[in-house]
Amino acid sequence: MTAAPKHAPKMAELSLADRLGPWMPVLLVPLLVVLGALAIPETSSWLTLTVSGLAMGMMIFIMASGLTLVFGLMDVINFGHGAFVSIGAFVGVSILLLLGQMTAAPSLGLNLIAVLLAVLGAMAATGAVGWAFEKVIVMPVYGHHLKQILVTMGGLIVVEQLIIVLWGPEEIYIARPEALKGAITFAGAALEKYRLVAVAVGLVVFIAMRFVLRRTKIGLIVRAGVQNGEMVQALGYRLRRVFVGVFIAGSALAGLGGVMWGLYQEVITAQMGNQAMILIFIVVIIGGLGSVEGCFIGALLVGLLQNYVAFLEPKAALISNIALMVAILMWRPMGMIPVVKAK
Amino acid sequence: MSDPILKLEGVHTNIAQYHILQGVDLEVPRGAVTMLLGRNGVGKTTTLRSIIGHWRAHKGRILFDGEDITAKPTPAIARSGVGFVPENMGIFADLTVEENMVLAAASGPIDSARLDWVFSAFPPLKTFWKSEAGNLSGGQKQMLSIARAMIEERKLYLIDEPTKGLAPAIVSTMARALKDLKAQGASILLVEQNFAVARALGDTANVMDDGRMIWSGAMADLASNAALQEQLMGLSLETH
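So the protein lines, in turn, are chains A and B. 92 is the number that full-length UniProt numbering gives to position 92 of the first sequence; each next residue is one higher, with no gaps. 134 is the number that full-length UniProt numbering gives to position 134 of the second sequence; each next residue is one higher, with no gaps.
Check the hints yourself; a few may be wrong.
These stretches of chain B come out as covered by chain A in the derived footprint (C-beta under 8 Å, 3 or more residues) [what the hints assert, rightly or not]:
id, stretch
1, 12 to 25
2, 67 to 78
3, 89 to 98
For the record, the hints were derived by calculation from the structure and aren't laboratory data. Since the model is a prediction, treat every value here as computed from it, not as a measurement. The beta carbon of each residue, even a glycine, is placed where N, CA and C say it ideally should be.
Bound conformation, chain B alone (with noise of 0.2 Å):
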């Protein structure tokens, strides 16, 4: 196997006084979608904005492409190709969908082939191309999101609960988009709570508790056994 894309060592992370990741390893290999699981409140978040440089790691080493960004300040670490979709979206609702966009191209004006790929993922976003975004629906919202990360091909992408608290029809549509830029080789660590979106979409899994890493292997294995899961999150694929 190629070396990984991203590799975190040993990380801790403190917000306030509370300690939340206690020593996260994770690997993030080349071209596949990396999940991270767990249940709610144990670091997922935590350890993306980590990543990002939304918060510092006090401890341990985070590498990117084989450079060390522990320290590195978030702009120099989005620049250095990572894509970041954040759990509450992020996007800037005074701003019309185009200059979300505009925005989110931050190396040069929007390359049109790939904003034609993104309007073939998320159609909504060409109607309402000129709308203010505050005035888009909870799904369009979340579609921008995700298409911000994907106006420009980044190394990687990080992205974090796409599909909380979306209806069924617009989950599917996510599911879509993810599949897509996973067919085009993108590095992908997704933090997903929807286990068949997980299961659908990747190719290893780690899980998650208490700010540490307790299980990692192929999303495969964990999709098969029922015990695992339940040992590891309290759930299983008979729930749903």
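For reference, chain A alone in the conformation it holds in the complex (with noise of 0.2 Å):
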């Protein structure tokens, strides 16, 4: 064997378009919305499109954020997913409608208490189902896409009808609690304040998640599950104990984007997780299977679209996301930030 040469690597100097190029998907958000100040006239008419995009694109990725998890960690496709934002949506609709007297108080702290209550109340119950659906449905199709899809539509079928059985057919209208009804006026542009209120927990949601997924060991297991499970597994983890775990926290972030959604819209029904599904697989798509940064700017700029659409011209609204996913997969047929699997 000859002596190997002094091995000595050096780092390379990268030049401006790689360095931006991993960049590049998180600067289509502040282009999205330059675009929109160009195309609408009015500033006001601008800002209140932005913040309401926003709002609409954290409430889309605080939905979607575990059904990436899910996919990119464990290869399933969950059709059902959407059962856990109407469960999470009628749980917590329920338990703010007994709280009536709370969120109908001119007061802040007991409005917030409520809201609370039914975040919490909801995310419990979603969890809760989601555990059983992941067990009962879920594990016995592990590595069969064609069932994994069948099986969880049919999983999303039996929760909706079983949201009819237990809370009625109907639609159930919810009025805002007082402190989150209204609008403050910035730059001349009404801002609702429940919009604002959307945004931030979308942003607490995310940072709290990339707190997890960047800085502890747990996070570090998931990320590296997504890449190689079989690898992860090789070092001495239990990957399944720590799917059915992000399964259960993705059917509660479900569960909380459900209660949000519905008091976003202001009316619930059982077939509201069912439509939302669309959104939420546009998302965890153009954002790139297992990313959750991906799900984050992928949301965004779908709220982001869809808000400027609708203004500037109503009818491309329907077409608006589906023309984004398209654009986006030309551009990177594996999403903006692709997970590298290496199975």
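Combine the two chains into a complex, taking the hints into account.
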């Protein structure tokens, strides 16, 4: 064997294009906001639409983030994810209706306690249903995508019917708590308080998820598991338990999203989760399957675009998100921030 | 001789409809490097994957440190002291070198003295400590893959073709690192196609063909017998 020459690697100087490359998807959000400002003549309208779009995007992100991790971690396509959105909305709204006196009181403290109880109740219920859903419906079909699609869609239909059995077939209207009604005026624009709260909640959820995924060992295991689950197990980690935990957390987040979506629309139906699944899937696909950051950016793009286009050309709003998905997949076929799979 | 750290008794493994391992018998002595040799496609990788539990042996027994691990799940096998370096390296490309290593230290924080030892074996890992593993060269990825197994003391190391496709300079680095690991008294089961590396590192050798073990003995005996190499593997040292 010949002696090896001294191995002395050097760090390469990256070009500006190489350095900007990974940030391109992130830049799309401010780019869209700027384009919106150019296309919408009145600043106040643009500001209102931007906040509305961001709020909508944040709520979609909260609902979709669990789905992208579940898919990335175990290759499970869960078409039943929308069930958790509906259950969360119904449980949360039921709690709010029970606490009607608190929500109707002109007290920010009482209002927030009521909303917090509703959110906690919804997340606990959807987390528990998510655990059962994984055990009964998802676990038997690991590794079989077609069966996963069929059986989880079946699960969604069953859950929808159970909601109708428990809460009745009629849609339920819900008034927002007093403190979250109305709008504040900023730069001549009326900004709904609830939308600002939704933006704040979405940001908190995103930052918390990033912290867990980037700064904790369990997050490291999840990120590694999304790329190569087999190797994570060969390092001694019980990925199955981690997956169940992620499934429960993802279901609970969908439940939180359901409560927020219900309060946003001020009406809930058994089919609301199913209807939201179209936007959720668009966001998960354009973000890059398994990528939380991609999901976040995708959700903001979908929310902003839908609001801008609905204002500028209402008829085009229906196709705007599909057009966005097509454009992004032509640019990056694996989504904006693809997760490197090494299976 | 003390009892072997690993023993396979008549192991059969199927992958889908293919019957790959057809009664593999193998003993890996403690504190030695055991070579697993053979042509491509004879079942060497399947043997390692059956030991770590990625593929289930449907017949026969796998005994590790005296315990039957045939039906144990992969994480339990790994936690009982088996380090695995797969043929495809299995690095986490989106994670940094540091994160890969932190994850590999499954039983707790990285021991700094051991990390220094790993860095001395693979200096580029220190240079690229904060870089994404996906940006490393092929050789550096292989270094990372082996370093992950080395970062904690294991009772047994399963290493699948660590020099495959690497430049001679990197092959030498790998061979030195594995010699270093061997000098520490590690038990290693090594699949290797590079016969020069096998001869330099191996204490015992096992040759497979068609899913069975067809020869077992001292590596020195195999290395010194060109006719036997030709007969078992269709190669001889003169060609390497």
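Status of each hint after checking the structure:
1. 12 to 25: violated (count 0)
2. 67 to 78: Per the Cβ count (4), the hint holds.
3. 89 to 98: holds (count 6)
This entry does not satisfy hint 1, going by the numbered hints stated previously; all others are met.
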